[in-house]
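**Q** Sequence:
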Amino acid sequence: MDKVISRLEEWIVAIVLAVMSIIAFVNILSRGLANYSLSFTEEITVNLFVLLTFVGTAIGVRQSAHLGFTLIYDRVNHSLKRVMTLFVGLMMVLLFGTLLYFGIQMVSFQIEMGQRTPSLGWPQWWFSLAMPVGALLCLYRTLQVTVKEYREHNVKGEQKI
309 MDKVISRLEE WIVAIVLAVM SIIAFVNILS RGLANYSLSF TEEITVNLFV LLTFVGTAIG
369 VRQSAHLGFT LIYDRVNHSL KRVMTLFVGL MMVLLFGTLL YFGIQMVSFQ IEMGQRTPSL
429 GWPQWWFSLA MPVGALLCLY RTLQVTVKEY REHNVKGEQK I
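In terms of our numbering, the sequence shown opens at residue 309 and continues consecutively.
Read the hints as simulated data drawn from the structure, not as lab findings. Just so it is clear, CB atoms sit at the ideal spot from N, CA and C, and this is done for glycine as well. Incorrect hints may appear among the rest.
Label-pair restraints from in silico Cβ distances [stated by the list, open to error]:
# : residue 1 : residue 2 : range
1 : VAL391    : THR425    : 38 to 48 Å
2 : LYS456    : LEU379    : 13 to 23 Å
3 : LEU403    : GLN371    : 10 to 20 Å
When you get a sec, could you build the whole thing from the sequences and use the hints?
**A** This is the structure in structure tokens:
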């Protein structure tokens, strides 16, 4: 299951980045050659960027590629490292859980109100789904990484290899 989610994340990022690049390139050509701007492209690009950010964050959490300040963590004993790992994991779960909750609320509201995008007139919730879906992926990856890091140290404080 984890492999499927990993591939899905990577494909989403690749496809979204390709679509954004193509749209931006076509808009540049349109402005340069025809002196005509495709205004709707900004709407699509901005909304796809949100999806790209969330899914990219999930990949970053999965690969432990997020920025971190480890000076204190590196100098404490293994028991305190376990406590710090749980604390950081809990804070990340709280963040992504909050984003998931409010993302679901936002999408529900947009569906209920029938909100549409300004330029294309598409349902706004299509784009807004990026927030709860991305937050759910980040939440899953946070739990996965926290459990993995916590288990890396056994009860005696020796690091497992």
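**Q** Please flag the earlier hints that this structure goes against, numbers listed from lowest up.
**A** Every hint satisfied by this model.
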